[in-house]
Amino acid sequence: MSTHTTAAAGVQVCSLKRDTPQTVPANSPYTVIRFPFGSAESSDRFTMHQVNQPDGYVITDWDNDPRSGLIWPSVAGWGTLYAMIQWEAGNYDELRDQFVRDPLGLTPSPNDTTATEHRPPSPGMQCWTKSWGIFVDPAVPLAVRATHDDSVARDIVLAEFKLVIHEAA
Numbered sequence: 109m110s111t112h113t114t115a116a117a118g119v120q121v122c123s124l125k126r127d128t129p130q131t132v133p134a135n136s137p138y139t140v141i142r143f144p145f146g147s148a149e150s151s152d153r154f155t156m157h158q159v160n161q162p163d164g165y166v167i168t169d170w171d172n173d174p175r176s177g178l179i180w181p182s183v184a185g186w187g188t189l190y191a192m193i194q195w196e197a198g199n200y201d202e203l204r205d206q207f208v209r210d211p212l213g214l215t216p217s218p219n220d221t222t223a224t225e226h227r228p229p230s231p232g233m234q235c236w237t238k239s240w241g242i243f244v245d246p247a248v249p250l251a252v253r254a255t256h257d258d259s260v261a262r263d264i265v266l267a268e269f270k271l272v273i274h275e276a277a
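Residue numbers (this note's numbering): 109 to 277.
I should point out that these hints are in silico values taken from the structure, not numbers from a laboratory.
Keep in mind that the hints are not guaranteed to be accurate.
[Claimed, not checked] The calculated label-pair distances, taken between Cβ atoms and stated as ranges, are: (1) G118 <-> M233: 32 to 40 Å; (2) P231 <-> D163: 39 to 47 Å; (3) V166 <-> P228: 38 to 46 Å; (4) V183 <-> M233: 35 to 43 Å.
For every residue, glycine included, the Cβ atom is placed at its ideal position computed from N, Cα and C.
The task is simple: from the sequences and hints, build the whole structure.
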């Protein structure tokens, strides 16, 4: 068990980290950021990010399956989402990111986006963090998505995605 796993009564946490590049094509729609399973710096004590998905689907190639970017909340409640995205340097005019409920159309209400941001680039590598509060439901998976407007494919070189749930009373 990771030393990063802690939980107070009524709080459940899932913390994911990707430290290998993920390529986002040029002129692409938003792309779900994918995360490995069981990484040393990830924590999933409450089984919200599993190879065996709650709907019976089994992920066999996390790096190429957008389902590996899903967090399935363990309980209903008030959730705080956190993300950190680092892009390689590039010729961007704008970088975009967002949180989304059901990005893959697995429920009757897909692509419910929130906290969408369009950002101008800074010099060099692009490093961003964000947080946002939403109500979460175990039947509705969550993801963080990103895209860019460079004319060539670009890499996200480091990413984190976290959910903290405060259970409803």
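Consistency of the hints with the structure:
{"no.": "1", "hint": "G118 <-> M233: 32 to 40 Å", "verdict": "holds (38 Å)"}
{"no.": "2", "hint": "P231 <-> D163: 39 to 47 Å", "verdict": "holds (44 Å)"}
{"no.": "3", "hint": "V166 <-> P228: 38 to 46 Å", "verdict": "holds (41 Å)"}
{"no.": "4", "hint": "V183 <-> M233: 35 to 43 Å", "verdict": "holds (37 Å)"}
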